[in-house]
Amino acid sequence: MPAGTPRAAVTDKLSPGAEAIVRALPADGSTVGNGRLRGDLGLDSDRYTTLTDALNTIGLVVAGRGRGGSLALTAEGRTLRTRLDSQDLEGADAKQDIAGDSILELAQAPSATELAPQELESRLWAAANSLRGPVDAADFKAYIFPLLFFKRICDTWDEEHELALSAYDDLLDDEIEADYHRFVVPEGSHWDDLRRLTENVGIGLQRMLQRIEQANPETLAGVFGDVQWGNKEKLPETALLNLIDAFASLNLSPSRVGNDVLGAAYEYLLKQFADSSGAKAGEFFTPRAVVRLLTRILDPQPTDSVYDPACGSGGMLVEAANEVIEAGGSLRQMRFFAQEINLTTAAIARMNLYLHDIEDAKVLRGDTLRDPKFRDARGHLERFDVVIANPPFSLKNWGADSWASDPWSRASCGVPPPGSADFAWIQHMIASMRTDTGRLGVVMPHGVLFRGGAEGTIRQCLIAHDQLEAVIGLPTNLFYSTSIPACVLIFRATKSPERKGTVLFVGASSRFAKGRNQNQMRPGDVEAIVAAYRGDGGTGASVPARLVDHSEIKENGWDLNIGRYLKTSAAETTDVPTALAALRMAQTRLRDAEARLEERLEASDYA
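First residue of the sequence shown: 1246, per this note's numbering; consecutive thereafter.
Don't take every hint at face value.
Stated by the list, open to error - Pairs of lysine-lysine residues, derived as DSBU-like cross-links and limited to a Cα-Cα distance of at most 30 Å, are as follows:
(1) 1740 - 1812
(2) 1812 - 1607
(3) 1812 - 1799
(4) 1607 - 1641
(5) 1618 - 1641
(6) 1479 - 1525
(7) 1516 - 1618
(8) 1607 - 1396
(9) 1812 - 1745
(10) 1799 - 1740
(11) 1396 - 1516
(12) 1618 - 1812
(13) 1759 - 1516
(14) 1525 - 1477
(15) 1516 - 1477
(16) 1607 - 1618
(17) 1396 - 1479
(18) 1799 - 1759
(19) 1516 - 1607
(20) 1479 - 1516
(21) 1745 - 1799
(22) 1745 - 1525
Claimed, not checked - If you anchor each label on the Cβ, the simulated ranges turn out as follows:
(23) 1767 - 1427: 34 to 44 Å
(24) 1281 - 1478: 54 to 64 Å
(25) 1516 - 1709: 32 to 42 Å
No wet-lab data here; the hints were simulated from the structure.
Think of the CB as a built atom: it goes at the ideal place given N, C-alpha and C, for glycine as much as any other residue.
Make a model of the complete structure from these sequences and hints.
If you want it as structure tokens, here you go:
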């Protein structure tokens, strides 16, 4: 609520949507779940949140408890509810009088000219294509996203200014208006100022973006990345002017483009850029079906903290938020944390979170394995309720030389080999998981299931600690960075009694639709895998699954290869990529066996 607004004046001019919420809540002060209330009133998530936040701010409602969150009237809200019930509000004139021109009404009313999602996506993609030629397609994202975010900030600032002007008219001053703005746009740094530039446009744009970052140090420092806009060799001025022209006709203010629509368009662009980038896309984009699978299994709650140590473009955090919202929950108490080594990608993640209206989020740049950024006051790793990631597969040169003396005690089960950081990521994520509510989902190459040597020792240790809950085999050719099959590992700090001493194996390698360049998991595939995970499998399940005792895994030399425990999984897919992947895995296992044999022969002086 903007400073200085009289509460009585606002409560006398509730918008129809806000009034409907007050009327729908029980007069005795008992709670109603957010999901049910939002559904009964037919409000979309963004509009419902806007209205309930405003009602909470002016003291008419209060948040209650429950899995998806709930709402109740305060004493003042109950008084207002009684007064509303006593009035004859059936006529159109009365409704219009209550709607008035209040702040709530201005926030609630949809624009008659809202931009359709498909039109927005089409125009944004056309803007990106204006760079084609002078700029490599793999670099589109570095230019498009900062300009998109800059335009959104400026259009939002303009709309907030109009809102403040409507509420205060001649009484409006800088101090009052500041309360209306989410971000500061310094003088000379608005989109309109950019449009007035006729030469050295890139240098001028760079200065504007820097001034906005400096004016918002707590929220926007570094958010626009490290693009050298003034470098005419990489971005000719004609190409930059074409790009600015393409954005100029787009009004990205919240009344024209809601957070849900803009967030979806951002995801659309990420997918388009990933398709254009080939293997490089693996650095910033995980297929959304895989992200959805992880969040469905980990089941984030409205009070959880969520952490991604290799966040890329931030899709894991966004989907965790979506999972809570879809269940009728609120993000008010959720906290989001992420680390990313690439500066441009970290900036893209921060913009992604802002555009999805995820405010309580912190994305830090740095090498997670060498220098984890999230530490508590004592220097220990911070711990989180949900830890989720798709780290780079088999990363080399990751810092193995210092892992044995790791100051954050992540090497309790051993030191992974220098040529593969897979188990280092797993160890880091386990060390970052809360010891009570913690749960962890990570995408890994199949090699972690069976490779020997140091990795075999670590795998045995992790199984013995009884936090590995499930191994889920995924289809081949899902990821941009590799065509080999991958798997999902699920860990829990505290497993349910029926799953203690066991590992659940789920074979989902056949659940996909073939694509021209990549295979895809459909929504039905994701839900079938989730059902298999939750139901402990069964012979009638559409996705085979089986709970396996640790004793059986021990008999198999602590090998977690899914084919050992689900005999049908090896025959589920017979396409060429799968056969080649199986051949490569077999060759890797053969090399591991030969290396172990050679070590033993040397130890016995037979070499």
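Status of the hints after comparison with the structure:
no.	hint	in the structure
1	1740 - 1812	holds (26 Å)
2	1812 - 1607	violated (44 Å)
3	1812 - 1799	holds (18 Å)
4	1607 - 1641	holds (27 Å)
5	1618 - 1641	holds (21 Å)
6	1479 - 1525	holds (19 Å)
7	1516 - 1618	holds (28 Å)
8	1607 - 1396	holds (22 Å)
9	1812 - 1745	holds (23 Å)
10	1799 - 1740	holds (19 Å)
11	1396 - 1516	holds (21 Å)
12	1618 - 1812	violated (43 Å)
13	1759 - 1516	holds (17 Å)
14	1525 - 1477	holds (24 Å)
15	1516 - 1477	holds (28 Å)
16	1607 - 1618	holds (11 Å)
17	1396 - 1479	holds (22 Å)
18	1799 - 1759	violated (36 Å)
19	1516 - 1607	holds (23 Å)
20	1479 - 1516	holds (24 Å)
21	1745 - 1799	holds (15 Å)
22	1745 - 1525	violated (40 Å)
23	1767 - 1427: 34 to 44 Å	holds (37 Å)
24	1281 - 1478: 54 to 64 Å	holds (58 Å)
25	1516 - 1709: 32 to 42 Å	holds (41 Å)
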